[in-house]
Structure formats: C-alpha cells, structure tokens
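K.L.:
Quick mapping for you: the protein sequence lines, in order, are chains G and F.
Read left to right, the first sequence gives residues 803 to 1169 (our numbering).
Read left to right, the second sequence gives residues 1086 to 1519 (our numbering).
Wrong hints could be hidden among the right ones.
To be verified - Simulated crosslink set (DSSO-like; lysine-lysine; CA at most 27 Å straight-line):
(1) LYS1112(G) to LYS1452(F)
(2) LYS1086(G) to LYS1416(F)
(3) LYS1452(F) to LYS1103(G)
(4) LYS1376(F) to LYS1103(G)
(5) LYS1112(G) to LYS1234(F)
(6) LYS1089(G) to LYS1416(F)
(7) LYS1396(F) to LYS1284(F)
(8) LYS1111(G) to LYS1234(F)
(9) LYS1133(G) to LYS1234(F)
(10) LYS1133(G) to LYS1111(G)
(11) LYS1111(G) to LYS1224(F)
(12) LYS1103(G) to LYS1370(F)
(13) LYS1366(F) to LYS1089(G)
(14) LYS1111(G) to LYS1376(F)
(15) LYS1089(G) to LYS1452(F)
(16) LYS1284(F) to LYS1452(F)
(17) LYS1416(F) to LYS1366(F)
(18) LYS1003(G) to LYS1044(G)
(19) LYS1112(G) to LYS1416(F)
(20) LYS1366(F) to LYS1103(G)
(21) LYS1086(G) to LYS1366(F)
(22) LYS1089(G) to LYS1133(G)
(23) LYS1472(F) to LYS1224(F)
(24) LYS1415(F) to LYS1086(G)
(25) LYS1224(F) to LYS1396(F)
(26) LYS1416(F) to LYS1321(F)
(27) LYS1179(F) to LYS1111(G)
(28) LYS1072(G) to LYS1452(F)
(29) LYS1079(G) to LYS1452(F)
(30) LYS1452(F) to LYS1086(G)
(31) LYS1376(F) to LYS1112(G)
(32) LYS1370(F) to LYS1089(G)
(33) LYS1112(G) to LYS1370(F)
(34) LYS1111(G) to LYS1416(F)
(35) LYS1133(G) to LYS1452(F)
(36) LYS1416(F) to LYS1103(G)
(37) LYS1111(G) to LYS1370(F)
(38) LYS1295(F) to LYS1376(F)
(39) LYS1415(F) to LYS1089(G)
(40) LYS1028(G) to LYS1005(G)
Hint data in this document are derived by calculation from the structure and do not stem from the laboratory.
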Amino acid sequence: MCCLRRLSVVHLRLVCLKLDKNGPKREYSRSAVLCSRYKQEKRIREVEEEFRTFKIPGLKTETGVKRTQRRKMPVPPPRYQQMPVDQDWTNVWPAATTFKWSAVPFPVRQGYVETVTENEGVIPSKYANAELMKIPNFLHLTPAHIKKHCAALREFCTEWPAGLETDQACQKHFPVEVETSDYCFSGPSIRDPRARTITVKVKLSDLDLDYHARDKFVRLVGDRFKPDTGEVIFTTDRCPMKKQNYDYAMYLLTAVYHESWKREPWEAEKTEEDMEKYFWDISKSRKTVVALLQNIGEIDKESAAPEEKKLQHLPEDTSEEKLIAHSEVVKYRDAVSDLRNGEESQEALERYGDGVRRLLNIQGSLS
Amino acid sequence: MDASMRAVRCGKTLRLFSALFSRPKTHDIASNVYSTSACFKSASAKQQHPHVQSLSSCRQMSNLAEQFKAATAAKRQAVNVQTVFRTQEGDPTKQSTAQEGLFYTVPEEDVTRIFQKGLPPHFTRQAKTFAETSFMVRKPALQVIEYLKHLNLDHPAPRFVLYGKRGSGRTLSLAHVLHFGLRDNWVLLYLPWPCDWNKWPHEVSPSPYKSGRMDLPIEAAEWLVSFKAQNAHLLKDIRLSQSYVWTKRETADEGSLLLDVVDFGLNRMKFATDCVGVILKELRKQAAMHKIKLLVAVDGVNAFWNQTSVKNLEREFLMADQFSLVHNFKKMLLSNWTHGAIVCTVDAEANAVTRREQTTPYYLLGKEGFEWLDPFVPVHVPDYTEKEAYSCIEYYLDRNWIQHEAAQTEEGKKELIFLSNKNPFQLMRVCAAK
Chain G
803 MCCLRRLSVV HLRLVCLKLD KNGPKREYSR SAVLCSRYKQ EKRIREVEEE
853 FRTFKIPGLK TETGVKRTQR RKMPVPPPRY QQMPVDQDWT NVWPAATTFK
903 WSAVPFPVRQ GYVETVTENE GVIPSKYANA ELMKIPNFLH LTPAHIKKHC
953 AALREFCTEW PAGLETDQAC QKHFPVEVET SDYCFSGPSI RDPRARTITV
1003 KVKLSDLDLD YHARDKFVRL VGDRFKPDTG EVIFTTDRCP MKKQNYDYAM
1053 YLLTAVYHES WKREPWEAEK TEEDMEKYFW DISKSRKTVV ALLQNIGEID
1103 KESAAPEEKK LQHLPEDTSE EKLIAHSEVV KYRDAVSDLR NGEESQEALE
1153 RYGDGVRRLL NIQGSLS
Chain F
1086 MDASMRAVRC GKTLRLFSAL FSRPKTHDIA SNVYSTSACF KSASAKQQHP
1136 HVQSLSSCRQ MSNLAEQFKA ATAAKRQAVN VQTVFRTQEG DPTKQSTAQE
1186 GLFYTVPEED VTRIFQKGLP PHFTRQAKTF AETSFMVRKP ALQVIEYLKH
1236 LNLDHPAPRF VLYGKRGSGR TLSLAHVLHF GLRDNWVLLY LPWPCDWNKW
1286 PHEVSPSPYK SGRMDLPIEA AEWLVSFKAQ NAHLLKDIRL SQSYVWTKRE
1336 TADEGSLLLD VVDFGLNRMK FATDCVGVIL KELRKQAAMH KIKLLVAVDG
1386 VNAFWNQTSV KNLEREFLMA DQFSLVHNFK KMLLSNWTHG AIVCTVDAEA
1436 NAVTRREQTT PYYLLGKEGF EWLDPFVPVH VPDYTEKEAY SCIEYYLDRN
1486 WIQHEAAQTE EGKKELIFLS NKNPFQLMRV CAAK
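Next up, chain G with everything else stripped away, as it sits in the complex (with noise of 0.2 Å):
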C-alpha cells in the first residue's frame, strides 16, 4: 500500500514536471495542491496504525552486517633474541639513537615507583619504558666504538712527538693551552659565531712571579685564577674573529705578568687588612708579645719567686730585635701563624697553646 502511494506521488511529480513545459504557472499550483494532500493523507494514515515500535539503536546486536577486518601482520620477536652472543655491536648500534628496547640485550630498568601497588613495586623494565628513551644512552660509544673510530682517524694522525710521552713534559714543554671550537653545520653561510670565543689556560707556577708579583697577578686576575687547580683561565670573545680573540687573550696575559712586576708607590701604603694573609710581624700579636716578655723580664729581675718559676729561657738584653729571633718566640710565632692562615683545628690550637704556654711558662700539665 505504502509503495504505491509513494509511485503514486512520483509519478504525480513527473507529471508535473511534463505540465511544467506547457504553462509553468498554471501546473504549479497544481502540484501544490497535489501534495498538501499527500500530507494530508498521511496525517490520517498516522493515527489510523498502530503505534510504531521505538528502536534504541545499538540495543540489539545486528547480524548479518560484517565489517571488513584488516588482516593482522605477525609480530616478529624482538631481535636480542636472535643475536648471537659474539656479535659486533657496532653494527648493531652504529650511531646515536634513542633507547630501542627490542635491539638492546641485556635487561635494564629505569623509572620511578611511587607503591608497591603500582606495576607491584618493581621498577618498569626495558620493553616500552619511555624513560629509558629520554634519557640519553652511550651505546654508539662502547670500546668496540672507539675503536673503530680510531683506526679510522689513523690514517690522518701524525707521528706523535719524541719528548712528550708524559702529561708533565706537555705541561713542561707547552704550558699555555689554547681551547678553541669549530662548528659545522649545514646552512646558507658557513659562520658561526661561537667558533670566536677563545680559552687560554696557564699554570702560574709556570710564570716566572717573586711574591710580590704572584700576589698582584692573583689580584688582577681576580676569579680567573682557580686555587685548587693553579691556573689562570681566560677566555675572550669580545672580537668577531678567533684570530683577534687569540692575539687580545695573549696581550692580556703579556700585560698581566708586566704589570704584577711592577712596584707602584701606592703600594707601599698597604696596611695589615689588606694583607692577603696574616703576617705575624706587622700584626698587633708582635707588639703584645714584646711588650708582655719585655714586662715579664723587669719583674722577674726584681722578682723574690723561685728560678724554675720565673722566665728562664728570655735573654738578657730584651731589646725588640733579640726578642723576635727568640727561639721560644719562633715557635709562637709559627703557631700564630698557622692558626691564622690556615684551618682552626684542634691541632693548631693545641700547638698555639703549647707555644702559649712555653714563652710564658706556664706549669703544670696533667699529663
């Protein structure tokens, strides 16, 4: 019944479309008509049936429709299952890459795991372990690595110099180090500008300093000397070329020495705070020490106290200049000295007070 209708109402519009060519006006409000009644009709229709059945799709499961599957490709076993034992590596490996679990055959973990709930407490191994993948490896650089690489270089390495087998007759022989860098890179202009920048290295014992002269290197250089190493470290890179850079650190260098040598008369003017350590002669220690020994010798001149009791080691004449190079006074002197410009262990302190105790005679130790 629904079919005909519908091939009813078809062949009314083709109808339609066949009246359209004689008198389009005329034919329109023909069809128009025709269908408002189609309308009208199925209007009828609807509350005339039964009520139609609501379908919630994806309740039942449709059979006969089948999708097309994509034909699954066999995984192959990772490939350290494979390897033999004796392989070289470096084909395995030839270059840096990131972490690849199957290529690698040895087990190895990497992660983090908060509980023993998460992955049961054990920290993920190498298969899918993104870690592993950030962080950088050195599988591109094994022995078997260098080696190949160096048998490569050979052929363009030079004989190695008579006379500088050991580090310290490199250092003997060639004690300024020039650090340079180059940058290849492919790209428009061959420049880099990094590639100026210049680092000169020196020992300062290997310059020929008094004193004087080390201690005003040491000042000029400021942070460029590295006391635990002993070098004095400039880099320049204030030129656009390396070739500047080399020829200004070099002037550097050449100005620093002379200028360390020279004596200014302001110099003299240098007061014990800005000494770089202590000295003991100009310290306020020494005048103490004289003034007290010189004390103590007036008393123990009058003094009615038994010998063993008074200062027997202080000399007679107990003038400044005999004072200092009094042995005792020496010894003090030293152990100030070492208290000051070195480490404030137990060490030094028990000798300062064993030195104390000595120049001023002071008896009774328990052991």
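Dock chain F against the given chain G, drawing on the hints supplied.
P.N.:
What follows is chain F alone, placed relative to chain G:
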C-alpha cells in the same frame, strides 16, 4: 658527629622505641623524671630479670612488710656491684686525676655563695631535683686548676680560654674552676653570661662618667650583689688607694673600705656601673700589692666583641664595648696586671646567628677579640669519655633520675651512650622526661 644527627641516623631504632613507649604504671612515683622507659622496653622484654621470678615467689608471703623487704633484696641482687661514680673529695684544691670522671658534691653554702646566678638553667633545675649540686671532676677543669696552682703570680695574669662543642660542659668546667678559686681564697670576678647584656639589657642610661658610653645600672647592681656574696670575706680589710668623687656631696675617700663602694653602688644605682669600674681598678691595685689574688671568669667572653640590641641617637646599634660594664671588664682581660688569672669560655650562642658555625676560639672571638686575648692558652672541653659517660649514668641511677630497670643493664647504658653520642648535655636530655 652531632648527637642529634646520630639520633636521626638510627631512626629505625627510635621508631621502635617510640612504638614501645609507655609510661611504667606499676612504679609510678610522684616524680616525673624518668621516661627512659621508652628506650628500654625492648631490652627489658628480652631479658628476664632474676628478681622478677623471686617477686612471684614472695607474693605468697602474707606479711606485706616481708614482701617489700624481699622484693628490695631481690632488686638489689639483680643490680650488679655498683661502679664508683662519686668521690668524697669535695675540695677542688685536693682533687687530682685520680678523681677524674667522678662526681663530687659542692657544699650548699658554697653554691649559695658563688652560684646564685651563673649555672646553666638545665643544670640548676636538675640540681634542685637531686637535692644536691654535684660536679663531675673532668680533665679540662683539672687542667686549668693545675695551671692556677703552679702559677707565678708575679707575672702578668695569664689567660685560659675554654672551648668546645655545645653541651660539652664548658660552663660547668668554669664553675668547677670557680669553686677551686673560692676554696683557694681567690677573689672571684665572675660574669655568668654577659651576652644577656647585649640582648636584653634591663635599663640603659648614658654614663655620667664618660659621654658616649652606656650604663647598665641594674646589671651592675646584680653583679655587685653576687660579687659581695662571693668575696666579702676576703675584702674586709681592703681599702681604697685614692678618693673618688661621685657627686658634690657623695665621695669615696681614700682609705675607706672597698665594700662601702659596693654598698654605695647598691644604694645609688645610678653609680652602680661606675662603682664596678672603681672596684675593678682598686682590686687590680690591691693585687699588684700582693694583698689578694684575682680570678676573672667570663662565660661566653666573645659577647664582648659583638653588637648589642641597643641603638644610639643615630639609630645605629651599639657595640658591646660601648657599655661601661663591658669596657671595664675588657680591661680585666688584658694581661697587664699581676697577681691573678683569667679564665674564659667562648660560646657560639653568644654570637650573632650568622657567626655560630664553628666552636673554635678565633672564629668565635673574631680578629679583634682574638688579638685582645692573645696570647692565651686554649683548653679544649671534649665530650664525655667512656668512663665519664658510665659514671654520669650511674649518678643518674643513684639519684633515681632514670628509674627503668633496663638502664641498670650494660645494654641499656650502651643505648643511652649511643643515643647521646657521649655529649653531656645530650645525655642529660636523653635521660630526661622531655
């Protein structure tokens, strides 16, 4: 290594202790001073004490008194022979290395005389609980006493500086030396903790004697009180060598008693600080005349070269030596007077928080302070030795400070020593309630 560090390292053990912590209910006596029970639960669980068995047998006795007697006897049996931790030699002038590591009790009259102020608060509280003030005879104090005994008093006053870690017993070693000084008839000039002047001065007023300096009248009066208590018996005949004019009407005439100056300072607080200066000057003069011998003792002497919390009119913080008191006492630290000795301690706590990293004299005193005291004899105050630590635990057991029975076992003592790392203060804390 610091004891607390160690305690952290053995965190596992500590956790075990805290898990086992419970107050002993059976013998809960009025005092709350034990609680090492926490540490010894594990030990006591393992070891069945012999007296526990005998306790069960004696329960059958009908008489309560008999039960108690038997239990006490059983307990006494359980405790091994007590090691010696106490010496009867209460006079520091007679002590020697033979008494090293042993406690001696300071007579009550000496305590009230010297230590009205000046002992560490923890120690004072403990002494009150123990109903006695006992010092351990330790090597640093013995050493200083030995130096003092052999001193040539004609020579300028020598200086001794006690240094050591926090809680190693510097102040108590100084107190021991002071007790020696009292018994050996030294005039004691003791500054318990001058750092307090810098931090919390009670009252600051400009000095009437010298402009630019500040007086601390209340602190000066406090010192005068303690000075009088310590030394009145030695200063009865000491008279002034010159006259001092306080005001138009108030003068101290030449030949008047020195103790009158003390009383004047106490009555006229305005001049208390100047009185201290006069007393120190007069004492130096008297010492030079060999009438008395002076023992200057300063705890935390590095406070003299530190900044104070007091500001001047320009809103700058004053340095400690701008206080007249500090100025006067700094003069006592110079080795230009005779017939005396100077014993000081250096303490990181007396320095500003930025300068507390080391405990050595030069670091704590700074350049200026070191040069002021130089040449001095540094005396190191170490932590307890094995013997001293055992002795201390025995003393605490004797005083019923530790009541848990496991503390009487060797294992328990070893635990206490381990937890405290033999540091006297830490050992005291480990054995205390909190």
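K.L.:
Are LYS1111(G) and LYS1376(F) close enough, with their CA atoms no more than 27 Å apart?
P.N.:
holds, 20 Å
K.L.:
Do the alpha carbons of LYS1111(G) and LYS1224(F) lie within 27 Å of each other, as the hint requires?
P.N.:
Between LYS1111(G) and LYS1224(F) the Cα gap is close to 23 Å, so the pair holds against 27 Å.
K.L.:
For the pair we were handed, LYS1415(F) and LYS1089(G), check the Cα-Cα distance against 27 Å.
P.N.:
holds, 18 Å
K.L.:
Holds or violated: LYS1028(G) with LYS1005(G), Cα cutoff 27 Å?
P.N.:
holds, 10 Å
K.L.:
Hinted pair, alpha-carbon criterion (27 Å max): LYS1133(G), LYS1111(G). Please report holds or violated.
P.N.:
Given that 27 Å is the threshold and the Cα spacing comes to 20 Å, the pair holds.
K.L.:
Check the hint pairing LYS1112(G) with LYS1452(F) against an upper bound of 27 Å on the C-alpha distance.
P.N.:
violated, 30 Å
K.L.:
Does the structure keep LYS1111(G) and LYS1370(F) at a Cα separation of 27 Å or less?
P.N.:
This hinted pair holds, its Cα atoms lying about 23 Å apart.
K.L.:
Holds or violated: LYS1295(F) and LYS1376(F), Cα atoms, limit 27 Å.
P.N.:
Cα-Cα ~30 Å, so violated.
K.L.:
Within 27 Å, alpha carbon to alpha carbon, are LYS1452(F) and LYS1103(G)?
P.N.:
Violated - the C-alpha atoms of LYS1103(G) and LYS1452(F) are around 34 Å apart, more than 27 Å.
K.L.:
Given the hinted pair LYS1111(G) and LYS1416(F), is their Cα-Cα distance within 27 Å?
P.N.:
holds, 26 Å
K.L.:
Please work out if LYS1003(G) and LYS1044(G) have their alpha carbons no farther apart than 27 Å.
P.N.:
Roughly 16 Å between the alpha carbons, so the hint for LYS1003(G) and LYS1044(G) holds.
K.L.:
Is LYS1111(G) within 27 Å of LYS1234(F), Cα to Cα?
P.N.:
Given pair LYS1111(G), LYS1234(F) holds - Cα atoms ~12 Å apart, limit 27 Å.
Figure legend: structure checked against the earlier numbered hints; hints not met, in rising order: 1, 3, 25 and 38.
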